[in-house]
Amino acid sequence: MKNFAKFLFVIILYFAHTVYNTNAFREQSLALKGKLQCGQRPLKNVGVQLLEKRKSPFRDQVLASNSTDDDGQFILVGGTSRILQITPVLVVEKDCNGKGDSIKLNTAKPAIVKGKLPGDTFDIGIINMDAWKKPQ
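Taking my numbering, the leading residue of the sequence shown gets 1, the next gets one more, and so forth.
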């Protein structure tokens, strides 16, 4: 039994070494910009986050965090290392009624690039948050 434990330890160590040295954990990043509005009004000074969506029981990972400016515009740049492709989600921390409800929007896969630094900034355009009201 003692020899089996040593053998198992060596196999696990070899596997971990191989995964690490073959770049199985690839760097992935993205940059998003956009503008948030409530009807025709800009959504000012609202927190926005870029999250890496994870399956339960793991918690979502914050890739970037910022606030909208006086024109409702924001820029988020972030990244992480994962074996699989990341699943980024844009989170807006308030709705148009000023409530603390957060709204999650999936981001486009083409925005994700290999490497620590994203190339171009993906423009998601103008989002009217009135269209994302939660049901009562």
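Any given hint might turn out to be false.
Derived BS3-like pairs: lysine-lysine, alpha-carbon spacing no greater than 30 Å straight-line [claimed, not checked]:
no.	residue 1	residue 2
1	Lys33	Lys109
2	Lys2	Lys104
3	Lys35	Lys55
4	Lys114	Lys33
Taking CB as the label site, the calculated pair distances span [as the list claims (entries may be wrong)]:
no.	residue 1	residue 2	range
5	Val10	Ser102	30 to 38 Å
6	Val91	Leu13	25 to 33 Å
7	Pro110	Lys44	26 to 34 Å
8	Lys55	Phe15	33 to 41 Å
9	Leu117	Lys55	20 to 28 Å
10	Pro110	Asp130	50 to 58 Å
Calculated directly from the structure, the hints in this document are not laboratory data.
Glycine included, each C-beta is placed from N, C-alpha and C at the ideal position.
Can you let me know if the beta-carbon spacing of Val10 and Ser102 is within 30 to 38 Å?
Given a distance of about 47 Å, which is not inside 30 to 38 Å, the answer is violated.
Hey, Lys35 versus Lys55, does the alpha-carbon distance stay inside 30 Å?
Between Lys35 and Lys55 the Cα gap is close to 29 Å, so the pair holds against 30 Å.
Does the structure keep Lys33 and Lys109 at a Cα separation of 30 Å or less?
Holds, at roughly 15 Å.
Could you see if the CB distance from Val91 to Leu13 stays within 25 to 33 Å?
Taking Cβ atoms as reference, Val91 and Leu13 lie about 39 Å apart, which means the hint is violated.
Would you mind confirming whether the straight-line C-alpha gap from Lys114 to Lys33 stays at or under 30 Å?
holds (19 Å)
Does the hinted range 20 to 28 Å hold for Leu117 and Lys55 at CB?
Holds - the Cβ-Cβ distance for Leu117 and Lys55, about 27 Å, lies within 20 to 28 Å.
Take a quick look at whether Lys2 and Lys104 sit within 30 Å of each other, Cα to Cα.
Violated, at about 51 Å.
Given a hinted range of 26 to 34 Å, is it respected by the beta-carbon distance of Pro110 and Lys44?
holds (29 Å)
Lys55 paired with Phe15, Cβ distance criterion 33 to 41 Å
For Phe15 against Lys55, whose Cβ atoms are near 22 Å apart, the range 33 to 41 Å is violated.
C-beta pair Pro110, Asp130: status relative to the range 50 to 58 Å that was hinted
Roughly 27 Å apart at Cβ, these two residues miss the hinted range, so it is violated.
The structure is inconsistent with the numbered hints 2, 5, 6, 8, 10, although it conforms to all the rest.
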